[in-house]
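Chains as they are written, first to last, in numbering that gives the first Met the number 0: chain L, 0 to 630; chain V, 0 to 630.
Don't take each hint at face value.
[To be verified] Okay, derived cross-link-like pairs now, PhoX-like style, lysine-lysine, Cα gap no bigger than 20 Å in a straight line:
(1) K458(L) / K543(V)
(2) K543(V) / K553(V)
(3) K507(L) / K553(V)
(4) K413(L) / K569(V)
(5) K231(L) / K629(L)
(6) K507(L) / K259(L)
(7) K507(V) / K418(L)
(8) K395(L) / K233(L)
(9) K509(V) / K418(L)
(10) K259(V) / K413(L)
(11) K395(V) / K413(L)
(12) K477(L) / K259(V)
(13) K543(L) / K507(L)
(14) K413(V) / K259(L)
(15) K543(L) / K553(L)
(16) K509(V) / K481(V)
(17) K585(L) / K259(L)
(18) K509(V) / K259(V)
(19) K460(L) / K506(V)
(20) K395(L) / K395(V)
(21) K259(V) / K418(L)
(22) K509(V) / K460(L)
[What the hints assert, rightly or not] Covered stretches of chain L, going by a simulated chain V footprint (3 or more residues, C-beta under 8 Å):
(23) 117–127
(24) 180–189
(25) 248–261
(26) 304–313
(27) 390–402
(28) 458–464
(29) 591–602
Since the hints were derived computationally from the structure, they do not count as laboratory data.
Since this is a predicted model, take the numbers as computed values, not measurements.
Every residue, glycine too, gets a C-beta built ideally from N, C-alpha and C.
Number of protein chains: 2
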Amino acid sequence: MVTMIMVLVITCQFLLINSQNHPLDPLNPNEITQIQHIITTSHLASLPHLNFHFVDLDEPDKNDVVVRGGGQTHEIIVELTTGYIVSDHVYEGDGYPPNTFSELLQAARLPFNSSRFKDLVLRRGLNVSEITCFPFTIGWFGESTTRRAVRLSCFYRNGTTNVFARPIEGLSILVDIESMKIHTLVDRNTSPVPGSEGTDFQFSGERPNPIPIPCDEENVKRGFSINGGDVKWKNWRFHIGFNARAGVIISTASIFDGGKNEWRRVMYRGHVSETFVPYMDPTSDWYYRTFLDVGEFGFGRSAVTLVGSMDCPSNAVYVDGHMAGADGLPQEVPKAICIFERYAGDIAWRHTEVGVPGKVITSGEPEVNLVVRMVATVGNYDYILDWEFKQSGAIKVGVGLTGVLEMKATTYTKADQMKENIYGALIADNRIGNNHDHFITYYLDLDIDGNDNSFVKAKLKVERTKTSPRKSYWRVIKETAKTEDKARQRHGVEVEASELLVVNPNKKTKLGNNVGYRVMAGGQPAVSLLADDDYPQIRASYTKYQVWVTAYNKSERWAAGFYADRSTGKDGLAIWSHRNRSIMNKDIVLWYTVGFHHHPSQEDFPVMPTLASGFELRPANFFERNPLLKT
Amino acid sequence: MVTMIMVLVITCQFLLINSQNHPLDPLNPNEITQIQHIITTSHLASLPHLNFHFVDLDEPDKNDVVVRGGGQTHEIIVELTTGYIVSDHVYEGDGYPPNTFSELLQAARLPFNSSRFKDLVLRRGLNVSEITCFPFTIGWFGESTTRRAVRLSCFYRNGTTNVFARPIEGLSILVDIESMKIHTLVDRNTSPVPGSEGTDFQFSGERPNPIPIPCDEENVKRGFSINGGDVKWKNWRFHIGFNARAGVIISTASIFDGGKNEWRRVMYRGHVSETFVPYMDPTSDWYYRTFLDVGEFGFGRSAVTLVGSMDCPSNAVYVDGHMAGADGLPQEVPKAICIFERYAGDIAWRHTEVGVPGKVITSGEPEVNLVVRMVATVGNYDYILDWEFKQSGAIKVGVGLTGVLEMKATTYTKADQMKENIYGALIADNRIGNNHDHFITYYLDLDIDGNDNSFVKAKLKVERTKTSPRKSYWRVIKETAKTEDKARQRHGVEVEASELLVVNPNKKTKLGNNVGYRVMAGGQPAVSLLADDDYPQIRASYTKYQVWVTAYNKSERWAAGFYADRSTGKDGLAIWSHRNRSIMNKDIVLWYTVGFHHHPSQEDFPVMPTLASGFELRPANFFERNPLLKT
């Protein structure tokens, strides 16, 4: 399969974001190497178990570099030009930076040096060389946290490449990451390992029809250019960056206004801020699975190399991603991002007019959009993350969920055998697909036609009338949110129908309307249902609302707090919002959460058909008229 | 533009649904002609003003043919084989069949023979030969209705082809359709006619990039076949029909189950049932605009000839639509439907697995879907109606709104001049885009793996736990709706999170799960906000809920009742549902409403960028496993 795909990729182009030509660009590999050198030749070099957790200058901040060594978190500011460490501060608050992939890998290997582990799996009749263990972050449940730790879940491959399909249920290994030792190892052996039959997801057989877009190169007049991270396409220009935590970062997105003959800013910066994935199983081996994928693992670190003609169409151009590894040295994800023009067969606008005598006038345009895509595979799940730019001025943000479910082994093979609550659904022989949620939260520093913006709720209020044969109608009552508490919103809930807008109160159209953008749900809305006093919910309390607006603060970018691993809810979006700052005519940040409740079904096995949702930012009186019509 | 497009269409194919080879097929032109002959040579021929309103045998019913003559509605059953009229029944209930387009056209021309009209427009300084009048249905507001009537709204073209952009505000003409005479003609002359500048929507200038899908024929190995109305594509087969009221009708849709090696039914029949479009302006010339587009006009009658490479990509195949005209003779809409494979660049499924030592395994498939599309242009608005079939078993129903707003002339040219409620937004010089809703309701006679189905609400219920470090989780409580009242649902409202399913309680997977399909919102949900006692809401009371389920009854297909013009709410979905029949393990019909609240913005002028929403039917334990993976 992989070979076959490579053949189709011959027209692909590879680009490297390698020039530090944009203020919001991440570090290039040279700069990463420089920083590594500065730190490894400083007093910090002597710290035991030195690991680089963040090397990230895409906005100069107190957390330019975060290393851990000697069991402490050091926040370091480095001056690249002089080679000096400007400051070195030990962070003593709650939570930890993400475990590095190097640490996670070491942790996952520990059981294979443990004779107790080998005994236990032998007693189960398993071949130890066919076992894979994955490190899961463990969340926080009210205990005092003094050390970093992960729990390993182990799986039996023997006969399958779908590792997650054969859980060794009841085997639980707590690893102390600081000492890199097994802390506890138990085997409750609650259920035998499910079989391998039917678990493979590898594509077998011939692809039924070759994908014919675009079928020959001369027709591919690519409509966009990439220079460094600067992308220009039709009436859009924006910048793409990449870092270990967020993955793709879109910045300084502006649209050309033909009427005004000028570029107008829409978004200063946008990226995934956090992802909350609580599983709905309170039992011993499952309760802790309440992942904050972005803060605990990182979407950049989890970015995969995209496969041509499968992950992206054959007209895509690829961009590599760079970040620092645990050793501080540059790491590359080849083809981490793809950019392509999307010809989906949609209609951008049309009208047939029969009102002109003797004529039938039909006019319109097909829709051609530009998509920027990455895929983050965090263990079993694959997140497809799209930014889609439309010539109408809209930006559509798409989230697709695919990959493999987290499954629990069970002795059940028939749904009607089950009398107890199984916390999910029987989706394959001896396998429960556990209930869970996904909340993908976006940081959207919109700058609608300038820096200072306001958030407006346009409520649809039903009025009764006695002066008309009609008895009722709705009108729009616009309320500008003065403070952060007025901006929290469960979007899409019809109890109070409203349109949500970010407007520039300082800019009006010629007609006198405030220029703005609307935010619209792109799928069935979902917010977290967990109890407010439940620990995972305390850590991800922002997931109770789809929409938040905060006053811009450069250190407020990660919805569950900067140190998300084992966090206790003392940092993050809800905390900042409760400061209740003024957000009227200010530089404001819109936070939007795309949510999914997932009660699995058999179709999700052995690999899930993509489940898609998202949202759209759509111009609302930003332009004087429909920008698709050239004047 | 039109010429340019025609050049691109050279590879298109045209098909005619002309064989009566499917029990759900509409009449073919020969049969229509036969019926016309039978009726025009019978006693009915002597009726004054004989008009054919429905000639529709796609399900034999008491309403096989509906004609009006002598001010009465005749419901006629015709036996085609013998040429006999089996029965002729005069309908005496509320409401009327839709005015025929021939009647509407006659009505629209009446003012031009009226010296009073000519005087009034001359007094406004308008050139009568540049005026177009459109007939609007007038709804019902509690009065007793004894005659059919429409109100004309007139527009000034002079310098534009965008007829709706220049309303002659305050000019109102009530036409008695029975006598085909003007009943009342008033000119309140509330505002001058807005100018023509910037109103044209015709595409001018060069298309920036030719659309490269699929660009040459040898690459277009079309994956589907059409024989009569029978479509086969990948693992799907279904039938397409067309009638004057619904437009496209999908029937007997079945999917091939590779595991069982059999075709399994998903949907017996699905089509648009009704469309409710209330404007939110209670003033004299606007209050009555509360359209039931399907029942009052007909989506088949409003179907447009699709334009290649604009309305549908160049790999589309076209099908003509047929129906009876007002004279009973066959009418054709050339290229009323297009069918194409959609290569949108999406990913059907994927996974990257790093858990197998020494390997990175990436597998997946791009998504290729089949789309069946029509466009209904009802006056100013264009509805893009898609049925999209996925190889995963999902059916995605898409609704796109584009075309021209209904606009109201105003003296205002600046938003800040306005102190009163204008019932909309100032969207162009001297033009208000009036607030309104669109509710597109689908009739979905699902037959999930057989005739008898049940409707299940899978509620996500939050449970507290004291036996876990966790305090809460949600579990799924499935409730089968026993009767119709238990199936009404405001979908997507998080007050009570739930998944909605249609299951076959008589069929289980090997694992013992009930086979089923889920229905999922595809955009921001919206239900009608009008007061329950308001007349338009009484007529379209079903729009208070997105979801209804009824027991199958062959005469219950049109949500606002069969005779929707001037209906009074005595027929229709809410009435049927209130019979509260059993819907458990029965042949049931799912009704789903896609809603939009539309508070216009300047971008909607002079023509709207498409606003899209929809819903998806997604298999949930219908298959033993992901059907995208061939075993």
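Results of checking the hints against the structure:
1. Among the hinted pairs, K458(L) with K543(V) is consistent with the structure: their alpha-carbon atoms are about 18 Å apart, no more than 20 Å.
2. Distance check on the hinted pair: K543(V) and K553(V) sit about 24 Å apart at the alpha-carbon level, beyond 20 Å; violated.
3. For the suggested pair K507(L) and K553(V), the alpha carbons sit about 55 Å apart, so the restraint of at most 20 Å is broken.
4. About 48 Å separates the Cα atoms of K413(L) and K569(V), which puts this hinted pair outside 20 Å; it is violated.
5. Of the pairs offered as hints, the one joining K231(L) and K629(L) holds, with about 18 Å between alpha carbons and a cut-off of 20 Å not exceeded.
6. Of the pairs offered as hints, the one joining K507(L) and K259(L) holds, with about 13 Å between alpha carbons and a cut-off of 20 Å not exceeded.
7. Distance check on the hinted pair: K507(V) and K418(L) sit about 18 Å apart at the alpha-carbon level, within 20 Å; holds.
8. Under the criterion of a C-alpha separation no larger than 20 Å, the hint pairing K395(L) with K233(L) is consistent with the structure, at around 16 Å.
9. A threshold of 20 Å between alpha carbons decides the hint, and for K509(V) with K418(L) the separation of about 18 Å falls inside it, so the pair holds.
10. For a cut-off of 20 Å, the pair hint linking K259(V) to K413(L) stands: about 18 Å separates their Cα positions.
11. Between the alpha carbons of K395(V) and K413(L) the distance comes to roughly 31 Å, so the proposed pair goes past 20 Å and is violated.
12. A C-alpha spacing of about 56 Å is found between K477(L) and K259(V), which places the hinted pair above 20 Å, so the restraint is violated.
13. As the CA atoms of K543(L) and K507(L) are separated by approximately 34 Å, the hinted pair breaks the 20 Å bound.
14. Note on K413(V) and K259(L): the hinted pairing holds, with a Cα-Cα distance of about 18 Å set against a maximum of 20 Å.
15. In summary, the hint linking K543(L) to K553(L) is not supported, as the alpha carbons are separated by about 24 Å, beyond the 20 Å threshold.
16. Pair hint K509(V) plus K481(V) does not hold up; C-alpha atoms about 26 Å apart against a cutoff of 20 Å.
17. Only pairs whose Cα atoms come within 20 Å are accepted, and K585(L) paired with K259(L) is rejected, the gap being roughly 24 Å.
18. Proposed proximity of K509(V) and K259(V) is supported: the alpha carbons are some 11 Å apart, at most 20 Å.
19. This hinted pair does not check out: K460(L) and K506(V) have alpha carbons roughly 46 Å apart, beyond 20 Å.
20. For the proposed pair K395(L) and K395(V), the alpha carbon gap of about 18 Å is at most 20 Å, so the pair holds.
21. Pair hint K259(V) plus K418(L) does not hold up; C-alpha atoms about 29 Å apart against a cutoff of 20 Å.
22. As the CA atoms of K509(V) and K460(L) are separated by approximately 51 Å, the hinted pair breaks the 20 Å bound.
23. Beta-carbon proximity to chain V at under 8 Å applies to 0 residues in the region 117–127 of chain L; the threshold of 3 is not reached and the given coverage is violated.
24. Using a Cβ-Cβ cut-off of 8 Å, 0 residues of the region 180–189 of chain L lie near chain V, which falls short of the minimum of three, so the contact claim is violated.
25. Residue count for the region 248–261 of chain L with a Cβ under 8 Å from a Cβ of chain V: 0. That is fewer than the three needed, and the coverage hint is violated.
26. Counting residues of the region 304–313 of chain L whose C-beta sits closer than 8 Å to any C-beta of chain V gives 7, which meets the bar of three, so the coverage hint holds.
27. Judged by the Cβ-Cβ criterion of 8 Å, the region 390–402 of chain L is covered by chain V as claimed, because 6 of its residues qualify and three suffice.
28. Counting residues of the region 458–464 of chain L whose CB falls under 8 Å from any CB of chain V gives 4; the rule of at least 3 is met.
29. Judged by the Cβ-Cβ criterion of 8 Å, the region 591–602 of chain L is covered by chain V as claimed, because 5 of its residues qualify and three suffice.
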